[in-house]
Structures are given as structure tokens and as C-alpha cells.
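Peer 1: These protein sequences, in sequence, are chains A and B. Quick note on my numbering: the first sequence kicks off at 16 and runs consecutively. Quick note on my numbering: the second sequence kicks off at 41 and runs consecutively.
Simulated from the structure, these hints should not be mistaken for lab results. What you are looking at is a predicted structure, and each value in this text was computed from that prediction instead of being measured. Mixed in with the good hints, there may be bad ones.
Computed beta-carbon distance windows for the label pairs [unchecked claim]:
no. : chain 1 : residue 1 : chain 2 : residue 2 : range
1   : A       : 48        : B       : 203       : 43 to 49 Å
2   : B       : 160       : A       : 358       : 40 to 46 Å
3   : B       : 62        : A       : 231       : 34 to 40 Å
4   : A       : 380       : B       : 92        : 55 to 61 Å
Don't be surprised by glycine CBs; every beta carbon is placed ideally from N, CA and C.
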Amino acid sequence: MVEQVRKLLEKKLESPEGLESLRQSILAKRDPRRTCISVCGGTACRASGAEAVVDAFLDEIERRELQVQVSLKETGCHGFCERGPLVVIEPDKIFYQQVKLEDVEEIIDQTIIAGKVVERLLYTDPVTKEKITYEPDVPFYKKQTRIIFSTNGTIDPTNIEDYIAVGGYAALAKALTGMKPQQIVDEIKQSGLRGRGGGGFPTGRKWQSCLEAKGKVKYVICNADEGDPGAYQDRSLLEGNPHSILEGMIIGARAIGAHQGYIYVRNEYPLAVRHARIAIEQAMDYGLLGKNILGSGFDFNITINKGGGAFVCGESSALMASLEGKVGEPKAKYVHMAEKGLWESPSLLNNVKTWANVPLIINKGADWFSKLGTAGSKGTMIFSLVGNITNTGLVEVPMGITLRDMIFDIGGGIPDGKKFKAVQTGGPSGGCIPEQFLDTPVDFDELTKLGSMMGSGGMIVMDEDTCMVDVARYFIEFLKGESCGKCTPCREGINRMSEILSNITRGKGSPEDLDTLQDLAEVLGAGALCALGQTAANPVLSTIRYFKDEYLAHINDRKCPAGVCRELVRFSIDPEKCQGCLRCIKECPTGAVTGEKKQPHTINQDMCISCGACYDVCKFQAVIKR
Amino acid sequence: MEVTLDFSKVKAIVEDYTEKVDSLIDSYADKKEQIISLLQDIQAEFNYLPQDVLVKISQKLDIPLSQVFSVATFFRAFSLKPRGRHVVTVCLGTACHVKGGQRLVDKVERDYGIKPGETTEDMRFTLEAVNCLGCCALGPVVVVDGKYESKMTLEKLDRVLKQYK
Chain A
16 MVEQVRKLLE KKLESPEGLE SLRQSILAKR DPRRTCISVC GGTACRASGA
66 EAVVDAFLDE IERRELQVQV SLKETGCHGF CERGPLVVIE PDKIFYQQVK
116 LEDVEEIIDQ TIIAGKVVER LLYTDPVTKE KITYEPDVPF YKKQTRIIFS
166 TNGTIDPTNI EDYIAVGGYA ALAKALTGMK PQQIVDEIKQ SGLRGRGGGG
216 FPTGRKWQSC LEAKGKVKYV ICNADEGDPG AYQDRSLLEG NPHSILEGMI
266 IGARAIGAHQ GYIYVRNEYP LAVRHARIAI EQAMDYGLLG KNILGSGFDF
316 NITINKGGGA FVCGESSALM ASLEGKVGEP KAKYVHMAEK GLWESPSLLN
366 NVKTWANVPL IINKGADWFS KLGTAGSKGT MIFSLVGNIT NTGLVEVPMG
416 ITLRDMIFDI GGGIPDGKKF KAVQTGGPSG GCIPEQFLDT PVDFDELTKL
466 GSMMGSGGMI VMDEDTCMVD VARYFIEFLK GESCGKCTPC REGINRMSEI
516 LSNITRGKGS PEDLDTLQDL AEVLGAGALC ALGQTAANPV LSTIRYFKDE
566 YLAHINDRKC PAGVCRELVR FSIDPEKCQG CLRCIKECPT GAVTGEKKQP
616 HTINQDMCIS CGACYDVCKF QAVIKR
Chain B
41 MEVTLDFSKV KAIVEDYTEK VDSLIDSYAD KKEQIISLLQ DIQAEFNYLP
91 QDVLVKISQK LDIPLSQVFS VATFFRAFSL KPRGRHVVTV CLGTACHVKG
141 GQRLVDKVER DYGIKPGETT EDMRFTLEAV NCLGCCALGP VVVVDGKYES
191 KMTLEKLDRV LKQYK
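Assemble the whole structure, with the sequences as input and the hints as a guide.
Peer 2: Shown next, in the form of C-alpha cells:
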């Protein structure tokens, strides 16, 4: 017991100099040339089997007594989730992808012991067919500018010393000792940082009003209730580099004079919760959180709150209501949350990515930050590039990169030789952008001009097989389920839109429907209380704007050109291609498909319910959709 | 068949239940604003929110029952009905949607006769549809009892679900 207390006291840093000397001693202990097997431990790689790979490496290292020569590290998400589980051999950064349990022994034999590269585990460039050995040379990474993601793939998120070794908490030390609160706020203002959660509100202005707001008690909140479907970068940051977010929050707390902070995180993100919790404990042990941080006399604590699975709680006033233990209903914001938020006290709420930018800006300066990006949108943005795209994963790029560069150069284009149709950004508040705007630079203002928005950085690519009316219906259904029901335009308006869209996708639409949808959109925009309702019509409006012909095909011709809307699609079997494998007969829920083994099967149209199960299971593309 | 009730066993079960509920609620005595976390803990323990527990929370923490109930019904994560032995969660986020997530829901509905939010009569499966699990690169995603199954197809779903009895 005494020993434990002594150790704890030893760890506790009492000054910025103490932090720096700890960093030096960590670096001195570590040999930068020592081989380290680093396995991506992000949720996606774990889902692909990364944990078993880690265990196998550990067993193998122990069995061969290689502990001295080689270490093993489970890092945060590397971003190239499509290719997981990912293994990178440091310090050379040899990049192995889709590593399986049975590959572990070979990697140890060949790479760790013999110093050779295992060719078959390397990534092959789909264009040049060239094998790529090192991580930074993979085209997916080459064209990115990783600043907030820069150490996600190299540090162990459960070890604070890893973060301190790469310069972590230096910005906090600077802010605590060398800067007055107003100077911190000025630095953020000058950097041009805008909120990364969706709205893009200038972060510095928010901080300024919170600094000026009157109130004895103030709060700092991290919004990690990442609800936009198709976006998972906040999860990845919180899992992979939780200390960077804590550091940002402590600096923010110092700037506005708060002593209590909250991280509101989705319950669906158990790993992020665990890592954030470990990070808070470690930061407390090291005197970076809690009382008298780094001997400066400043106190600050952080509590984690898990969300209850309501999309609307990503909205600041709903989130705060939920923190107070109430239902997550938004309030009218006549007074900003920065002045009267949580328990009626001034509250500074920022998104995970926004917080992660703060230490970088304090460390490297506003000038450095504002050199990245476009005139109105500074810095970088992390996008989750998902949907019908070859290289799915998380990419960090400077603001202003074109959609084309992102989708075709980094993302590797559309798989299976299909054609690009649209890209959806901004989640349910955003819109669908068609091919003719692929050369648009991506920033807050340009996306808004196109009828979409930046949102939380979700970027869902859709190919020619996607029905845009169905996409609009999907988002409206999503919002119908997530509307809190407090205000009438949202509760009723979205319901009506859902009815109309579902009629159209069933071939029961009429030409006036498009006008009614536009009218409803206007009412929602003007009358809804919070952004959920105000922007709810965006997916509908943007698809009507750019894909009107698809709506008309559904309404006038009772046809779904993409072959998605069930009730407008007929399935049949091409006897030339059918091999008679019985697979579709087994899967058909109504017994509509019949036939003998090795004989072409047929579909009885009277019994077919167009569920598409036969189409999905056919290995020979013999089922025709039209 | 003759059924004999061993009252000492029944009593032990009831006592164990009461003790668990009490200690969970008591641990939130000084932080009753964190009722959502408390409900999550209760649900993790009993797999749903039993009605008597909601009443007890209201009494012990001095929160109006109406507020406890409104929170318990507002958030999607909570269930007021007992759930099955295995919870099958199909992701219907945008990325999973464009890759056919809905067809997986349809399949479970066809094969097991349950819609999202429902439980099979034999309590084997509860089907849930969520709006995004944040695992978009591997869609369509299905999670069974917390285990992620990626790049799902109808046939793979068949194989996976058969493992859960």
C-alpha cells in the first residue's frame, strides 16, 4: 500500500519542467531502431480478427523468446479499414494487410528474424499492379495530410507515456504557464478553426462568448455522440488517441475558467468509452487532470457520460438536457449554450475533432494552422469514405481538396466496374452531390452551396445501382424515427414526407407529390426548432434537384431505374446463365422459384414477392432485375 | 407431474435480485442526474428494464416516476420488455444501407418471424436495427451479442445465426 502511494506520488507531475524531463526519460528508455510489431486495434480491424492476431504474435514472441529484440503494440485505427487487420512493422513501416492468424508465424520467421518482406501480404496498387512495401507509399495514405490523425496509428492509446513521448501535453503546459485565458482564445480565433461537428461555427467566437459569459460555474463538454450514419471518425479518434481530446478539453477549460468537463459518448462505442476512461485515470495519476494541474493551481475534472442511442442528442441543447438526466429534447436557442447551457451555466461544447485540433494550434500556432485549407475553412478534415468505393476507410485531407481527388485518387474509385452516381455528405442533414460537381473543392461553404453540408465528415459514395428516391426515403425514415416529437413541423412534416416518398417508391406517386415535398421542406426549414428538423428536407431537396428524372420514372413510368424499389422490380432467371445449383430455390421464402438440379430454374411471377433473395445468393449473375 | 417449490431457493433468488437492484441504485445516490447511466447498468444486468426497478429508482433517488419512465422510453437503447438470449443487431447506417443492410433485416424477419424490436417466442433471438454502428468500412454489419460480423451476405447470416442456440 505504502509502495503504491509512493509510486503514485512519484508519477504526479508538478511542473511543465517535470513533464519535459519525463518525456526525455521516456525517450531515453526507448530505442527508436528496435523492431516493433504494431497491430491496428481499431473497431474495424478487431471485427476482422485483429485481437486473435495480437494474441498469436504474443504467443509466438514468448515461445521463441524474442522479447528483447521485438515489442508488440496495439494501436488506434490506421484508417484503411477495408484492408484490416493491418500490421505495420516499425521502424521501417512495412505494411501488411488482411493479416490472418496463420500468417503470424511467417511474419516472425521472415520479417522479424530473417529481415525479409512477406510479398503476399503486401498491398497491391490496383492501377499499376505494383506491390507496395511501406505504409507511407500506399496511395491511400500518400495523398492525405494527417495532423490530428498523425499519431493514431503509432501510439498505444492505453499508455499515456506513448502520448507524452510524441510531445503530448506540451500544449497544455504552454497554455497553463505562458498564456492568459484571452491569449488562448485569441490563438483559437486567429487559427480560423470552425466546429467539426456539423455546423461549422467559428470555434474561437464560441470560446470568446463563453469566456465573457457571467457565471461562477462553467462547463466544458466533448460531443462524442457521433450519430451521423456513415461517419465514424470521432469513434476512431477517441479510441486511438484519447489523450489528445483530453488535452484539448483541459486547455479549453483553462481558457474559459471551467473546472468540470463531460465527454458524452455513444453507448454503441464500448472501446472508445474504455479508452477514454483509461486515459482519464492515467491523466489523473500523472497530475494532468484533477487538482493543481502541473502545479499551476488550476483544477479540472472530466466525467464520461454514455448516451442512450438518440440521434437528436448530438444537438447541443438536447445533449445537455440528457446530461442533466432528462429526455434529450432540444430547446429554442434564444440564448446561446455558451452563455446558458448545462444547468443554466455557461457551457463550451465542441466536437471530438475540434478538441483534437486545439493542442496542435496551441503548440504550432494559429499561423501554421491557418495556412492549411481554404479561405473560409482552415485546417484539415477527417472524412469517412464509405459505401460503394474501393478503398473504404478514414482519410484526413486539407480543406479544399476536390471530391474527385478524394473519391478516385485516395478512394480508388468505384468497385466492380460500376459507374459513380452520387456522393452523400453531411448525414441526414446533408445532400447528394452528382457527378458534374466532382471537381468542387470540399469545404464548409462550397458543400452548402451545393445543397449539402460538411456535417461530421461522412462521405457515402453511391454507384449506379443506388436508387436516389430510395436514398431520400431512407433518410426521411431515419429522421422519422429520430425526431424527438417536440415540435409539430418536424413531427408531422417528416411523417407526411415519409408517406409521400414511400408511395413514390411503391409506384403510387403522383406528379403533384414533388411540389408537396418542396412545400413541406420550406415549412420544416422555417418552423422547426432545431437543426434536425430544419435540415431534414435536404436529402429530399438535393435528390429532387439533381435526380428529378429518377423521381419521374417512379411516378410516371412506375419504374425504378436502379432496380432497388421492390414493388417496381421484377425478377426472372436467365436460362443461359443458370447452372441449376438450387441455391435460389433454397433461399426463396415463398416457393416461387422452382426447377431441377442442373436444369435452369424459373420464377413464378404470381408467387414472387420481389424480395431479391434469389438475386443476392446467385453466384452466376443469372437472376435478372428489371 | 408434481411440482414442489423449494421456498428457500426462491427466497435466495429474490434476495439476490433485491440486493443487486439496491446496490446499483444506491451507487447513484449522489449523482442522480446520471440516470441514463443507471438505466444502462440495470439493462446490462437484467437485459431489460423491469417495471419494479423503475419504480424503485423513482422512490430511492426521489425522481418523479414520470421522468424515469420518459427517459426509459425516449432512448432507443432501452427495452421495457425482456429480450432474447441473443441480441441480433443489424446496422442500417447509410453505408450499410447502400450495401444491402435492409435485406438482412428482411431475412431475419422471414426466417424467424420477428421484426426489429421483437423477440422470438422461444426467447432465442431479439432483432434490433440500429442507425449506425460506426463500422462503416465493413458493411453490411451485423452484431450478435456484441460480436461484430462484417461484410454480411444472406448465406453468411444463416451460418452465423445457427451458432447461437
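Peer 1: Return the numbers of the hints above that this structure violates; sort them in rising order.
Peer 2: none
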